[in-house]
Structures are given as structure tokens and as C-alpha cells.
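As you go down the protein sequences, you meet chains A and B in turn.
For the first sequence, the numbering used here gives the first residue as -1, with consecutive numbering after it.
For the second sequence, the numbering used here gives the first residue as 114, with consecutive numbering after it.
Simulated from the structure, these hints should not be mistaken for laboratory data.
Misleading hints may appear alongside valid ones.
To spell it out: a stretch of chain A is covered by chain B in this simulated footprint if at least three of its residues, at any positions, have a beta carbon under 8 Å from a beta carbon of chain B; those stretches are [stated by the list, open to error]:
#1 15 to 29
#2 115 to 127
#3 196 to 206
#4 265 to 277
#5 284 to 293
Note that CB positions come from ideal geometry on N, CA and C, so glycine has one too.
Residue strings, one per chain:
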Amino acid sequence: MSKGRFGIHGGQFIPETLMNAVNELEEAYNKYKDDPEFIEEYETLLKEYAGRPSLLYYAEKMTKDLGGAKIYLKREDLNHTGSHKLNNVIGQILLAKRMGKTRVIAETGAGQHGVATATVAALMGMECEIYMGKEDTDRQALNVYRMELLGAKVHAVTSGTQTLKDAVNETLREWTRRVSDTHYVLGSVMGPHPFPTIVRDFQSVIGREIKSQLLEKEGRLPDAVLACVGGGSNAMGAFYEFIPDESVVLIGCEAAGLGVDNPKNAATMANGTLGVFHGMKSYFCQDEYGQIAPVYSISAGLDYPGVGPEHANLHDTGRAQYVPITDDEAVEAFEYLSRTEGIIPAIESSHAVAYAMKLAPTMDKDKIIVVNLSGRGDKDVAAIARYRGVDIYE
Amino acid sequence: MSKTADAFKNGKAFIPFVTAGDPDLDTTKKLIIGMAQSGADLIEIGIPFSDPVAEGVVIQQADERALSAGATTDKIFDMVSQVREIIPEFPLAFMTYINPVYVYGCEKFLAKCEELKIDALIVPDIPYEEKEELAPYCEKHGVDFISMITPSSENRIKMIAKEATGFLYCVSSMGVTGVRSEIKTNIGNMIKSVRQVSDIPTAIGFGISTPEQAKQMAQLADGVIVGSAIVKLCAQYGRECVEPVKAYVKEMKAAIAAE
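So here's chain A without its partners, still in its complex pose (with noise of 0.2 Å):
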């Protein structure tokens, strides 16, 4: 078996020229991971200039509200960007640094890995080219305007269903043009090994962080966690540190579009079957052919037809469960979480509260559960407005 495997999935399915490029990254991420400097300069970074640790917040209306289980909110939504991604892009971009190259590329569905890219590449001084779908430049026009202003130029794809998928083709290929002072800053724990390892310990600071605030807060650890998961970066880091703790149950919510039943989701755990795709072995929404599905959600972030091969072995093993929200479901998360709590969630985020305010009222006011509120949600106000049919223009 190759390397990079989590049970069947996971592997290298990418074309030779990139070859020598993964293997040296692996190098060098095993060279500098346990490297006091390196760890020295990253945590630093995530101290000073992300402004972790985030804060686990108690959300007491919404617990009282709800009737059941005490739930905190995990706010990555306060890290610097907005979002979670910048955990993992601050890490990358330091190994990038010492790998010598000096020109980052990316993906981004919501914008929000591309924003983050941008944010760590005008810091660090690189330039840097972000590849997002057309549709997506469409509805998350205001992010499009914040990568341009933090330096990057964004590319919007219009090849295919022009959403992530098509935007990680893009940069797979640009990759591949130019790969020798050029690194890939894959915003998910998803492609070829050793992404999916390299990004899942670069966002495990948020489980770590979630063990011992809430060991302070409460003495214990939760009994449920939850995140939204389209590649699934927020919740592996969520649920990484948990894994060893049986007790946890670890639960990824994806997203379900118009429902399950309809062919407008984005739900791969339901849905999808085995396949190889965008360097990875894993599930994937596609057909009898293995032809990728253009898949669907209100969520540009979780609109994407595959998922982590981390992921897809904790759902086979059974340690994780997924479950499916619908775009009405998250929609109504988000509006509830607003409204109730005063903080307004990612479209992507609001899945997982979606899930939480199903799941709270059936449990016991003795139990806890943990939202990973993966980012804020500023950038769909005007989406959710034009949802609810308010004539809103960015």
C-alpha cells in the first residue's frame, strides 16, 4: 500500500510531475514539524497574529432555549480571517518559507482559505494567485475584493460546474505548470498524502484547545462534538484530539442541499460511493461511471463532491457519525444563532448548529456538547438576505 493511507483511503493519485513535489514537501514538513524554531515561530504566530487561543463560549440562551445539553460554541470565528483556515495556511506558508519557494497558489470555495492565503502571503511577502469557481466569485463577491486588497490575484475558474471542485482542478494544473518555486496551500484535509496529515495537525489546535478549556470550565470532557465537514478540515481538527476518547461522540454535519432525495446535495457520506479523485482515495457524489456529480449547497465552502480520506475511514470504522442538513435547516441555524445568541455563523458553520439544535433537546441537561463554529458569517449576510427574497446587492 502507498503512503499517506488512513485505512483504504487516502494514497498519492496525482500525475508524475507532481510527484517529486509531495515527497519533498513531506521531507520537509518531517524535518521541521518536531523543530523547536519552527514550532516556536508557528505557535507564535497563531498567538500574536491569529489571536488564539479562541474561546470556548458557553451559548447559555441557546442551551436554555433548546431544553437539553449544555452546548459551547467553540469561536474560530474570532480567529484573525474570520475562519479556522488561517491555522493551517500560518503553518504551510512557514514550511513553504523554508522550502524555499516564493510564490503560494490556492483553491477556495467561500473565500475564506483564499482570504486566509492572501492575509499569511502579504505577510510573509509572497506573491500569491488564488483559483475560485465563477459561481463562486458570484456569490462571494466581497471576499473577491478582500484577496485583491491583501495583494493576491484570484482567478475565477470557469471550467465544469465553476465551484471548488473546478478550483481545485485549477490549481492542480497550475501546479503543475509551475511547480519548482510554487507551493500548493491546500485548504483541506483532502488531496494527495501528505495533505491530508500536514493540514489535519496544523488545525488539531483546535481539540487540543477545546480538552483543556473546557476541563477548566467543567472537568470533563465533552460527550458530543460537532462541525461541518464539506473537505473537512474544521472538523477533523475538532474532532482529532477526541479520537482516542470513546466516550466523545464525534459528529460531522454535511451539507444537504435541497435534501438527501434530491439530486441538488452536496451530502458525500449519504450519498457518495468509493473512488480516486483529486489525489485521494475516498468517497465521492458521482455516477455508475465514476463521472464527479456537480453537486449543490447553499454553502460555497461545503459545496464539494468529495470528502477527506480521514474522514472517510472514521466513517467506516464507525468512530465518527455524519449526518445531513439541509440549506433550509442551515439557514434557519444561522438566523437562530444570530438572533439568540447575538453572533452571526458561516452558512458553513451554521450546519453544525443546525445539527445541535436537533440533537440538544434529546439529551440530558447533564450532558455537553461542543459546536465547532468553524467561521463568522459576515460574508452570507447578503446571500441569506437574497434567500429570504430582500433584494440585497454587496
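Let chain A serve as the given structure and place chain B on it in line with the hints.
What follows is chain B alone, placed relative to chain A:
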């Protein structure tokens, strides 16, 4: 038994590529037969994929056209079996991505290849490290699994060449498929490394479109692969593409035959 080696017996090999089902499978069938009768030595039949990450825009669009016109792996197999009635022994290869093969079932796919007397399989997203996913099925069914080397392979060339079967696909340039005005890679050095460990025939692909380029490449290797330039003709002429493609294949074969 694979007949891939036969393709290199008639001077330098000319290897054209065509996307199956663009604009329709009937045209593809006529194209394959026409190219076989116009000097091609081995034909690569592309099974279209929704997300071909190694392709430039020309073949991406051909894949999209073929899929929207209804091409499927099974329909392509049917078309090839009709082709085999006309050219039963002509060397043919399938080129596609791992997902269509994997989802169809590697065993089932390669058994079908054997039945259709397909000689070689090219899958650009299976690098050396993942070969075990596919190569054992190819071996079982007598289909050559084609390995690729690229300008960034460097220290990997010998490792790959040592185990290569059929022919070695030498990618001329960095990046994706598509016509290039100039090929700057030192391909001579790549081939030199290959020759230190293997006598396997080599064919250069990616970016070649003109007879001059083909002639230049044929001085370095045993064969020349042309994809996008032919697919462009299919896009331009649609169902009327068979004659222009045949003329093009004749011209290209003539250009390299002298080498």
C-alpha cells in the same frame, strides 16, 4: 498478448489521441479506422472524464462535449468492438483517469480491455507509487500499463523506466496537455537516463502539433504522441473531421518517417 511493441516496428511511431464520443461515437469510430489507415502506428482512445486534471482546455472541452453527447464507458466499449471488426490487430490504447476505471471495477474494466484486444492503458493520475492499484490487473489481462516520466521526474526516471512496460510516455514539458509554440525541456537527457536502465521504446507527448516539432522530437525518441492538435480539428470540423484528421496524420507520419 499486447501488440504495443508492433507500433514501433514501422520506423518512428506516430501516436494520435482522440477523445471518444466527441462529437459522437460514430465519428470516433470512423476517426480511429481512418487514422489507422493513414499512417498512425498506435491510437490512444480517450475515455472522457468529468474532471481531467492533466488536460489543457482543448481536451477538457472535448471531454465535456463527449459526456454531454452521452458517451459512457460501456458505449465506448461497444464502439471499439465495432472498430475491431475492421482493424482486428491494430495497436490500440485507452487513455483515461483512475476514477472511471476504479468505479467500473479494475478487474471488470481490464477483462473488457482483453476482450477488445486493447494493448495498453494510460492513466495519468496513477504515479509509480500507486501502480499496484492497476498494474496487476493489466498484467493479468495482457494489457501494457504505460508509465510516464516528466521534466520534474529527475531522480525518479530510472526507478520508473526499470519497471515500465509497452512504451515509456515522456512528457515534453511542465503543465497540462495542449499545443505549445516551443518545447524547451532537455528531453535528450531524460532519454539518456532511461537508456541506462532499459531498452523500452520511448514516445514524447504534450505540446506537439507541427510537423517540424514532430520531426525534432522523433530525433530524440522512438515515437511522437499528438492529442490536442487532433482534438482541435474535431472541435473545428465536428462530424466532418475525419478527412482533415486523416490528412494531418499522413503529414505528421511523413515528417517523422524520415528520422
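Cross-check of the supplied hints:
no., hint, verdict
1, 15 to 29, "holds (count 5)"
2, 115 to 127, "violated (count 0)"
3, 196 to 206, "violated (count 0)"
4, 265 to 277, "holds (count 7)"
5, 284 to 293, "holds (count 6)"
Hint compliance for this structure: hints 2, 3 are not met, and every other hint is.
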